[in-house]
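Student: Residue numbers (the working numbering), protein chains in the order written: chain A, 1 to 77; chain B, 1 to 608.
Hints in this document: simulated from the structure, not taken from any laboratory. One or more hints might be untrue.
What the hints assert, rightly or not - Here are the simulated distance ranges between beta carbons:
no., chain 1, residue 1, chain 2, residue 2, range
1, A, 2, B, 599, 33 to 41 Å
2, B, 223, A, 2, 32 to 40 Å
3, B, 245, A, 9, 45 to 53 Å
Said to hold, decoys possible - Under 7 Å between C-beta atoms, here's a sample of chain A residues computed to sit facing chain B:
no., residue
4, 27
5, 29
6, 32
7, 51
8, 52
9, 56
10, 65
11, 67
12, 68
The beta-carbon is built from N, C-alpha and C at its ideal position, and this holds for glycine as well.
Listed below are the residues making up each chain.
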Amino acid sequence: MMSLWDTAGGQTVTVTTLDAGLDQAVSSRLREMGLDNGLPVLCLRRGPFNGALVVAIADCVYSLEQKVASKIRVKPL
Amino acid sequence: MKRIILVGKPNSGKSLLFNQLTGLRQKVANFPGVTVELKSGRFDQYQLVDFPGAYSMSTLTRDEDIAVEKINQALLDQDTSLIICNLDATRLQSSLMFGMQMQALAHQYGKALVFALNMIDEVTRFGHQIDVAGLSRDLGAPVFALSAKTLDGIAEFKTAVIQLAAEADSSNLNTVALPPLDYSVQVKQSRLLATQYGMPSSVVLKKQNAIDAFMLNNVSGGIAFLLVMFLLFQSIFTFATPLMDAVENAIGVSASFITDLTGPGMLADFLNDALFGGLGSFLVFVPQIMVLTLIIGVLEDSGYLARAALICHRPLSYFGLSGRSFIPYLSAHACAIPAILAARTIESPRKRLITMLTVPLMSCSARLPVYALLVAVLIPDTRYLGGIVNLQGVAFFGLYLFGIVTALLVSLLLSRSAVTDNEKSDMPFILELPSYRFPHWKPLIHRVLSSAKQFIYRAGPVIFAVSLGIWLLGYFPTSAGGLEDSYLGVIGQWIEPIFEPLGLDWRYGVAILMSFLAREVFVGALGTLFGIDGADENIAGLAANIQADGLTFGAGMGILLFYVVALQCVATVATLKAETGSARLVGALVFGYGMLAYLLAMLCAQFL
Numbered sequence: 001m002m003s004l005w006d007t008a009g010g011q012t013v014t015v016t017t018l019d020a021g022l023d024q025a026v027s028s029r030l031r032e033m034g035l036d037n038g039l040p041v042l043c044l045r046r047g048p049f050n051g052a053l054v055v056a057i058a059d060c061v062y063s064l065e066q067k068v069a070s071k072i073r074v075k076p077l
Numbered sequence: 001m002k003r004i005i006l007v008g009k010p011n012s013g014k015s016l017l018f019n020q021l022t023g024l025r026q027k028v029a030n031f032p033g034v035t036v037e038l039k040s041g042r043f044d045q046y047q048l049v050d051f052p053g054a055y056s057m058s059t060l061t062r063d064e065d066i067a068v069e070k071i072n073q074a075l076l077d078q079d080t081s082l083i084i085c086n087l088d089a090t091r092l093q094s095s096l097m098f099g100m101q102m103q104a105l106a107h108q109y110g111k112a113l114v115f116a117l118n119m120i121d122e123v124t125r126f127g128h129q130i131d132v133a134g135l136s137r138d139l140g141a142p143v144f145a146l147s148a149k150t151l152d153g154i155a156e157f158k159t160a161v162i163q164l165a166a167e168a169d170s171s172n173l174n175t176v177a178l179p180p181l182d183y184s185v186q187v188k189q190s191r192l193l194a195t196q197y198g199m200p201s202s203v204v205l206k207k208q209n210a211i212d213a214f215m216l217n218n219v220s221g222g223i224a225f226l227l228v229m230f231l232l233f234q235s236i237f238t239f240a241t242p243l244m245d246a247v248e249n250a251i252g253v254s255a256s257f258i259t260d261l262t263g264p265g266m267l268a269d270f271l272n273d274a275l276f277g278g279l280g281s282f283l284v285f286v287p288q289i290m291v292l293t294l295i296i297g298v299l300e301d302s303g304y305l306a307r308a309a310l311i312c313h314r315p316l317s318y319f320g321l322s323g324r325s326f327i328p329y330l331s332a333h334a335c336a337i338p339a340i341l342a343a344r345t346i347e348s349p350r351k352r353l354i355t356m357l358t359v360p361l362m363s364c365s366a367r368l369p370v371y372a373l374l375v376a377v378l379i380p381d382t383r384y385l386g387g388i389v390n391l392q393g394v395a396f397f398g399l400y401l402f403g404i405v406t407a408l409l410v411s412l413l414l415s416r417s418a419v420t421d422n423e424k425s426d427m428p429f430i431l432e433l434p435s436y437r438f439p440h441w442k443p444l445i446h447r448v449l450s451s452a453k454q455f456i457y458r459a460g461p462v463i464f465a466v467s468l469g470i471w472l473l474g475y476f477p478t479s480a481g482g483l484e485d486s487y488l489g490v491i492g493q494w495i496e497p498i499f500e501p502l503g504l505d506w507r508y509g510v511a512i513l514m515s516f517l518a519r520e521v522f523v524g525a526l527g528t529l530f531g532i533d534g535a536d537e538n539i540a541g542l543a544a545n546i547q548a549d550g551l552t553f554g555a556g557m558g559i560l561l562f563y564v565v566a567l568q569c570v571a572t573v574a575t576l577k578a579e580t581g582s583a584r585l586v587g588a589l590v591f592g593y594g595m596l597a598y599l600l601a602m603l604c605a606q607f608l
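Please build the complete structure, drawing on both the sequences and the hints.
Tutor: Structure, rendered in structure tokens:
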């Protein structure tokens, strides 16, 4: 299944699940940020030098590194 | 005194609201036990306390742990009358996420809470309106729309806060302990309210995303980053020069005016050599510290610092660091102590430890006087490209770069060593990119002035004491016999063998040893030593004196590299010990950096 790390710049996806392997505190923060089941995420760009991903979630822009973005399962909108 | 506390998420205009409510009559204190900067100021008959910003009550980083713990303590405190929760009106969802958790917590502790719906001017500018009465009704708490920037609604808010606090003081709110909170309810509720009352996110983020398209682009973003960093270091030299000249002239005029009044003798010698020569030669560098603080402040307040952290994440991760390490690294160029504390925002304990241990290798402002003096001695003042590029500025940049490269190499070594082996508890890199904003000048100028004040207050007494001590030891038993026959001369001869391999005579040895108290002492000590030597009583000529005295290029470069690497600051060592909790680790660090510094200085002296 596709992860948030696999999305292209400009693509909007919907969150399906957060991997069980994620730390409890991290999952709960991600949910608070809006990375929750059924909610949309817009991938703004791949980070500079293939670094962290830049995504718009609700009214904020965040950058997430591969380690966490690859554990967020998404599907194309 | 009864207290009102101000809370909110970071980058939500909270500090500006605090400034408007207290009118900059504020003082900075630390939480007892842990060093967290806590600003407080007088607001009517209350003490208003600005708490560090937090994203959530469930924490990820050390700084959030401390902030939440302290908020809980404040809520338990009988003297806390009211909580002001600052919301960013343009980003209602993320603000309410924290705000509603805070509201639930305040309810649990039986404390009154009011919401300040800040940045309402921006909402109006976007052509949107928020139904404040409806939001207040749905939240079940008073909400006031205001702008701390344009002052819209501030007067009404002040009146309301005083009234609400007085009501809370006179009433006995329910203080029965409630069961622990289920934050998931707040999360869902905040989303619903934000959808109902907030602005569409596409409107809010449009400008920010357009600028980011340039700033985070692989090519243009990289060039912009390098340009910003280069200009930062150049400006320390270019912009500060007229101010430094002014300070230097003022000290020179004062010195000759006062010594003319006293006439020749021991007092005049003391004033000239110890006071103006020692303390004065260090005061000259205060403008550079102010320029550095100003630029870092502008970068932080404009929102660029978060982008810089993102740009650096990938390169820094090769050295076992996080993109967030960039912020402590950059602020360490002003002072290592706040930088070590800023490392608390780093999500991973391991990366936080590596950052803290390598932060002292960044060239802090205390090294600035040493660099400025020796660069002036060793490098010609040649300018290129119409004066924009100054060869001395390039040398400065090189020294800063040397510190950064050394820090990265040490990080790489540490990340592969067992000292920091707790990968399992690593937290991932999650960083909010705030809106770009024009910095608000008043608090920025306040920050710049207080940086200068703190620098003078912290180092001034030490430098004065050292200057006085050196002067006394150098002046007696008799000033007629010359410096070499003085007590200082004798001590200097004892320690000379240590500094001989570095190509330095005993005067530099004394100055280096003294500067283990604080690095700035080096310039003051040399000022006093060369002053007593009588080559030139004008402190402006210290660099010329050292040049005339025949310091070789290799030995001079050796001193410079020694100062880049050696950990010579008592306050930094104490902070590191408190933050790492290990005296042994910090002791090993001081020794390791000391040995490396000595070795580098010796290689320079032998081979350059």
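Student: Give a verdict on every hint.
Tutor: Structure-based check of each hint:
At roughly 53 Å, the beta-carbon separation of residue 2 of chain A and residue 599 of chain B lies outside the given 33 to 41 Å, and the hint is violated. For the pair residue 223 of chain B and residue 2 of chain A, the beta carbons lie near 33 Å from each other, so the given range of 32 to 40 Å is met. Our hint of 45 to 53 Å for residue 245 of chain B and residue 9 of chain A holds, since their Cβ atoms are close to 50 Å apart. A cut of 7 Å between beta carbons decides the hint on residue 27 of chain A: the least distance to chain B is about 10 Å, and the hint is violated.
Here the hint on residue 29 of chain A is kept, as its CB sits about 6 Å from the closest CB of chain B, short of 7 Å. For residue 32 of chain A, the interface hint holds, the least distance from its beta-carbon to any beta-carbon of chain B being 5 Å, beneath 7 Å. Among the interface hints, the one on residue 51 of chain A holds; its C-beta lies about 3 Å from the nearest C-beta in chain B, closer than the 7 Å criterion. Hint on residue 52 of chain A holds. Least Cβ distance to chain B is approximately 5 Å, under the 7 Å limit.
The interface hint given for residue 56 of chain A is met, as the beta carbon of that residue sits about 6 Å from the closest beta carbon of chain B, less than 7 Å. At a threshold of 7 Å, the smallest CB-CB gap from residue 65 of chain A to chain B is about 4 Å, leaving the interface hint in force. A least Cβ separation of about 5 Å between residue 67 of chain A and chain B falls short of the 7 Å threshold, and the interface hint therefore holds. Because the beta carbon of residue 68 of chain A sits about 4 Å from the nearest beta carbon in chain B, less than 7 Å, this interface hint is met.
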